[in-house]
Amino acid sequence: MQAEFRAPRRRTRVQEEYEAPLPVSYSPGERTMLRAELINQHVLVCHPDHIQKIHNQGYFGKGILSRARPDHSISDQWERLCLQVGGGVREVRRTPFSLSEYLQLSLEEAFFLVYGLGCLSVYLHQEPLSIIELWRKFLSLRPNFVSSYAAYHYYRSRGWVPKGGGGAKYGADLSKTHTHTLTHTHIHYSVVVERVGDAFRGSALRPFSWRSLAALSRITANVSKELMLCYIIFPADQSEAELDSPECVSRLKVQEVIVSRWVSSRERAEQDDI
Numbered sequence: 001m002q003a004e005f006r007a008p009r010r011r012t013r014v015q016e017e018y019e020a021p022l023p024v025s026y027s028p029g030e031r032t033m034l035r036a037e038l039i040n041q042h043v044l045v046c047h048p049d050h051i052q053k054i055h056n057q058g059y060f061g062k063g064i065l066s067r068a069r070p071d072h073s074i075s076d077q078w079e080r081l082c083l084q085v086g087g088g089v090r091e092v093r094r095t096p097f098s099l100s101e102y103l104q105l106s107l108e109e110a111f112f113l114v115y116g117l118g119c120l121s122v123y124l125h126q127e128p129l130s131i132i133e134l135w136r137k138f139l140s141l142r143p144n145f146v147s148s149y150a151a152y153h154y155y156r157s158r159g160w161v162p163k164g165g166g167g168a169k170y171g172a173d174l175s176k177t178h179t180h181t182l183t184h185t186h187i188h189y190s191v192v193v194e195r196v197g198d199a200f201r202g203s204a205l206r207p208f209s210w211r212s213l214a215a216l217s218r219i220t221a222n223v224s225k226e227l228m229l230c231y232i233i234f235p236a237d238q239s240e241a242e243l244d245s246p247e248c249v250s251r252l253k254v255q256e257v258i259v260s261r262w263v264s265s266r267e268r269a270e271q272d273d274i
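Numbering-wise (UniProt numbering), the sequence shown opens with residue 1 and increments by one.
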């Protein structure tokens, strides 16, 4: 039985333009290594040019102040307006704290840019971390990082844009939509990531009862999304030692299930139309 995917609902008053699916250049002379910092267990991109490239070409990350598209222009417009008005303006003491708009990457986004695309270098205490060091660091910060990254890598490699924050608002692990429609349409799916073995057995990351699953499905439908269960299947012969390297991702399998609520009145109406 083939799943039927609903057409995305278009947003209104969208001013952002689509630039590129990923922040990489196919010309060797134009390739630049982007930089991020690991600060207090968060991955931050601080250079303005790197911020614009990472976000505008692939929609990675969120602004730490706006929690959306990083935008430096609002405060700059206010400053220019004050200088133009002149009268009735008095100088105030500047705050000693920096309020710069940085770009915050999720752990999955950061590792995909480092490992999957090779266009980002993450620094800790002014020293660049190798791929293995970064993998082990993220594993120590989040025990289920292997499953969450495997799901993220799977969707990114198929042209989707997975986001962690958007899914968390509605009880899911990820939300995703197509790369070229992210700014012009609403999010398509809320994704719950589960870890299972070859025989679909194992301790669930999030044990569901029928009541909790029905509630999550209802919430997802009320915000015009579809609920998707993403099962990360670990081989039975894979040892814990293998999980200490990102190479283990190549042995994992992914299976998806779309969950929808059955409505008896809708079913009868469809049968009558037939």
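Read the hints as simulated data drawn from the structure, not as lab findings. Mixed in with the good hints, there may be bad ones.
[Said to hold, decoys possible] Okay, derived cross-link-like pairs now, DMTMM-like style, lysine to aspartate or glutamate, Cα gap no bigger than 25 Å in a straight line:
| hint | residue 1 | residue 2 |
| --- | --- | --- |
| 1 | LYS253 | GLU240 |
| 2 | LYS137 | GLU247 |
| 3 | LYS137 | GLU127 |
| 4 | LYS169 | GLU256 |
| 5 | LYS137 | GLU37 |
| 6 | LYS169 | GLU226 |
| 7 | LYS253 | ASP198 |
Cross-check of the supplied hints:
1. LYS253 <-> GLU240: Roughly 17 Å between the alpha carbons, so the hint for LYS253 and GLU240 holds.
2. LYS137 <-> GLU247: holds (16 Å)
3. LYS137 <-> GLU127: Since the Cα atoms of LYS137 and GLU127 sit roughly 14 Å apart, the hinted pair holds (cutoff 25 Å).
4. LYS169 <-> GLU256: Roughly 21 Å separates the two Cα atoms, so the pair holds.
5. LYS137 <-> GLU37: holds (13 Å)
6. LYS169 <-> GLU226: holds (14 Å)
7. LYS253 <-> ASP198: Distance of about 9 Å is within 25 Å: holds.
No hint from the list above goes unmet by this structure.
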